[in-house]
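Participant: Each chain, letter by letter, is given below.
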Amino acid sequence: NAGVTQTPKFQVLKTGQSMTLQCAQDMNHNSMYWYRQDPGMGLRLIYYSASEGTTDKGEVPNGYNVSRLNKREFSLRLESAAPSQTSVYFCASSSSGKNQPQHFGDGTRLSIL
Amino acid sequence: RKEVEQDPGPFNVPEGATVAFNCTYSNSASQSFFWYRQDCRKEPKLLMSVYSSGNEDGRFTAQLNRASQYISLLIRDSKLSDSATYLCVVNPPGGYNKLIFGAGTRLAVHP
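Residue numbers (the numbering used here), protein chains in the order written: chain A, 1 to 113; chain R, 1 to 111.
Any given hint could be a false lead.
[As the list claims (entries may be wrong)] Examples of chain A residues lying across from chain R (beta carbon under 8 Å, computed):
{"id": "1", "residue": "G40"}
{"id": "2", "residue": "L45"}
{"id": "3", "residue": "Y48"}
{"id": "4", "residue": "T55"}
{"id": "5", "residue": "G58"}
{"id": "6", "residue": "P101"}
It is worth saying that the hints were derived from the structure and are not from the lab. These figures come from a predicted structure and were not determined experimentally. In this text, a Cβ means the ideal position worked out from N, Cα and C, and glycines have one as well.
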């Protein structure tokens, strides 16, 4: 089982460049999430999608956009990368409803110079 | 006050030891609770859910104290492979499963 797959695994960008992080899940989950993880801090929610066709802002959405392409895929776009966006990005998915744990991809390490 | 607070550690323990971590949360109406494990430079993985009555999974025991707003994780007979960062995770009220993650407690088990 692939679970949650993220691409790319590593990326280096220059300030001002744009890129899209891809995420796909094969668990038939309705909900998908994008987080960033910085040293000494918990994972912080950037955007989430409760179901296909809907997206909502999380705790730290500034500088990012998302697209829920279909039930399987949820992409995160940086339009104009900034050094403050250097981080590890995780995508996750879960079933709908209360008390559902989330399942994570193995992350994208992004450095912005 | 942070929504979810954990002692960052590290907790350095010998193999076979029993170790316990606590985590406090600020929103008394939080609905569900989890412990995740994260190995160095890897993704978080669900270790166990935490139920109101407490629950056990092998060497791991989780407890919830709603009155004092904390959850705990007890690891018995520690193994080298238990070395990791343990994330306390809380689902606040409001729906949509928007989990709040603590920054984690690092455990190092040594021979």
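Participant: Against each hint, give a clear statement of whether it holds in the structure.
Facilitator: Structure-based check of all given hints:
For G40 (chain A), the suggested interface contact is upheld, since its CB lies about 6 Å from the closest CB of chain R, less than 8 Å. The restraint placing L45 (chain A) at the interface with chain R holds, with a minimum CB-CB distance near 6 Å, inside the 8 Å limit. With a cut of 8 Å, the hint placing Y48 (chain A) at the interface with chain R holds, because the nearest CB-to-CB distance is about 7 Å. Against a cut-off of 8 Å between C-beta atoms, the interface hint on T55 (chain A) is violated, since the closest Cβ of chain R lies about 11 Å away.
Given the 8 Å rule on beta carbons, the hint for G58 (chain A) holds: about 7 Å separates it from the nearest Cβ of chain R. Nearest Cβ of chain R to the Cβ of P101 (chain A): about 5 Å, under the 8 Å cut. The hint holds.
This entry does not satisfy hint 4, going by the numbered hints stated previously; all others are met.
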